[in-house]
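S.K.: If you read the protein sequences in the order shown, they are chains A and B.
As numbered in this note's numbering, residues 1 to 133 make up the first sequence, in order.
As numbered in this note's numbering, residues 134 to 271 make up the second sequence, in order.
To be clear, the hints were calculated from the coordinates, so they are not data collected in a lab.
Take these hints with a grain of salt, some might be off.
[Stated by the list, open to error] Taking lysine to any residue pairs in the SDA-like style, the calculated list, with each CA pair at most 20 Å apart, reads: (1) B:Lys232 / B:Pro179; (2) B:Lys174 / A:Gly75; (3) B:Lys232 / B:Val219; (4) B:Lys174 / B:Gly186; (5) B:Lys174 / A:Thr127; (6) B:Lys232 / B:Gly247; (7) B:Lys174 / A:Pro77; (8) B:Lys174 / B:Asp233; (9) B:Lys174 / A:Glu76; (10) B:Lys174 / B:Val187; (11) B:Lys174 / A:Gly78; (12) B:Lys174 / A:Val130; (13) B:Lys174 / B:Leu234; (14) B:Lys174 / B:Lys232; (15) B:Lys174 / B:Glu238; (16) B:Lys232 / B:Phe244; (17) B:Lys174 / B:Thr164; (18) B:Lys174 / A:Phe81; (19) B:Lys174 / A:Gln126.
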Amino acid sequence: MVPVTSVGADSPVDGIVATVPIVLSLLVAVWALVAAVRHRPPDRVQFVGLAVLEVALLVLSVLALVAVGGGDRPGEPGAFFGYLVTLVCLPPLAWVLARMEPTRWGSAIVCAVCLVTPVVVVRLQQTWEVLGG
Amino acid sequence: MVETGSARQRTNSGPGRLLIAVYLLFAIAATSRAGLQLATKFDEAPVAYLLSGVAALIYIVAAVGLARAGHTGRRVALACCSVELVGVVAVGILSLVDKDLFPDETVWSQFGSGYGYIPLVLPVLGLIWLWRTRRAPA
Chain A
1 MVPVTSVGAD
11 SPVDGIVATV
21 PIVLSLLVAV
31 WALVAAVRHR
41 PPDRVQFVGL
51 AVLEVALLVL
61 SVLALVAVGG
71 GDRPGEPGAF
81 FGYLVTLVCL
91 PPLAWVLARM
101 EPTRWGSAIV
111 CAVCLVTPVV
121 VVRLQQTWEV
131 LGG
Chain B
134 MVETGSARQR
144 TNSGPGRLLI
154 AVYLLFAIAA
164 TSRAGLQLAT
174 KFDEAPVAYL
184 LSGVAALIYI
194 VAAVGLARAG
204 HTGRRVALAC
214 CSVELVGVVA
224 VGILSLVDKD
234 LFPDETVWSQ
244 FGSGYGYIPL
254 VLPVLGLIWL
264 WRTRRAPA
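The following block holds chain A by itself, in its conformation from the complex (with noise of 0.2 Å):
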């Protein structure tokens, strides 16, 4: 691996602000499962999980959006903001999925969506930090 340069110090959507989303999302992602293991529907815990996490992740836009008012620039704009968008949608998704669906089902959806989230954070940063080459 050649160390590369020090373009993700400057990444908005890098360290704690990228580590809360990942971590509520991975968190509540096991909760669903585990309710869905266990033939539950989602419960209050999903979704006050699945509010936080958008709350977390429309912190996480926030700064992206004033870093490139600041003058910043992602590595690749159109895929960045693509994956923006996407992200500030997904937990909102697997909200209205699961009130349509108050079956076990409906906490397997809240469980995917929030395996899906971490993905998507770790593709934004990647978006950010793309180097000429």
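Fit chain B to the given chain A structure using the hints.
M.R.: Using the frame of chain A, we list chain B on its own:
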């Protein structure tokens, strides 16, 4: 029209809803990615990007088909899942045999390895789900 409506599970509830959710996620991911690639760097890998576009379209139609759940919806979903399965296997093999054909990644390259092989699993699950909801389980 012999089967009773209540005995027959509809494709858009229960596990089907989870399937639709995953299809939706893939539709969003593939559409935005393909759209971006087609818009910004079409010349670099036209075949790969067009294919991504087609795949994206199929995910959308499949999701709608499953969600609509009627007779037509099932048929549409069946067609989409079949095309997907053939597509992901064919492109998977082609991308291994002839790398030059797809200079850039598509959703289906290397059997969807870039997406955790979900593109390969998804149509299979879709077909199984359509099969299981075909008739009322005894």
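S.K.: Determine for every hint whether it applies to the structure shown.
M.R.: Consistency of the hints with the structure:
For the proposed pair Lys232 of chain B and Pro179 of chain B, the alpha carbon gap of about 14 Å is at most 20 Å, so the pair holds. The suggested pairing of Lys174 of chain B with Gly75 of chain A holds, with an alpha-carbon distance near 15 Å, which does not exceed 20 Å. Of the pairs offered as hints, the one joining Lys232 of chain B and Val219 of chain B holds, with about 19 Å between alpha carbons and a cut-off of 20 Å not exceeded. Taking the CA atoms of Lys174 of chain B and Gly186 of chain B, the gap is about 13 Å. The hint holds against a cut of 20 Å.
The suggested pairing of Lys174 of chain B with Thr127 of chain A holds, with an alpha-carbon distance near 16 Å, which does not exceed 20 Å. Pair hint Lys232 of chain B plus Gly247 of chain B holds up; C-alpha atoms about 15 Å apart against a cutoff of 20 Å. Restraint check for Lys174 of chain B and Pro77 of chain A: satisfied, since their Cα atoms lie roughly 14 Å apart, inside the 20 Å limit. Pair hint Lys174 of chain B plus Asp233 of chain B holds up; C-alpha atoms about 17 Å apart against a cutoff of 20 Å.
Annotation: proposed proximity of Lys174 of chain B to Glu76 of chain A holds, straight-line Cα distance about 12 Å (limit 20 Å). The straight-line distance between the Cα atoms of Lys174 of chain B and Val187 of chain B is roughly 17 Å, inside the 20 Å bound, and the hint therefore holds. With a CA separation close to 12 Å, the supplied pair Lys174 of chain B and Gly78 of chain A stays within the 20 Å bound. With a CA separation close to 16 Å, the supplied pair Lys174 of chain B and Val130 of chain A stays within the 20 Å bound.
Of the pairs offered as hints, the one joining Lys174 of chain B and Leu234 of chain B holds, with about 16 Å between alpha carbons and a cut-off of 20 Å not exceeded. Using a Cα cut-off of 20 Å, the hinted pair Lys174 of chain B and Lys232 of chain B holds, with the two alpha carbons roughly 19 Å apart. Straight-line distance between C-alpha atoms of Lys174 of chain B and Glu238 of chain B comes to about 13 Å, which keeps the hinted pair within the 20 Å bound. Distance restraint check for Lys232 of chain B and Phe244 of chain B: the Cα-Cα separation of roughly 13 Å lies within the 20 Å cut-off, and the hinted pair is therefore satisfied.
Under the criterion of a C-alpha separation no larger than 20 Å, the hint pairing Lys174 of chain B with Thr164 of chain B is consistent with the structure, at around 15 Å. For the given pair, Lys174 of chain B sits about 17 Å from Phe81 of chain A by alpha-carbon distance, which is consistent with the 20 Å threshold. Distance check on the hinted pair: Lys174 of chain B and Gln126 of chain A sit about 19 Å apart at the alpha-carbon level, within 20 Å; holds.
The structure meets every hint from the earlier list without exception.
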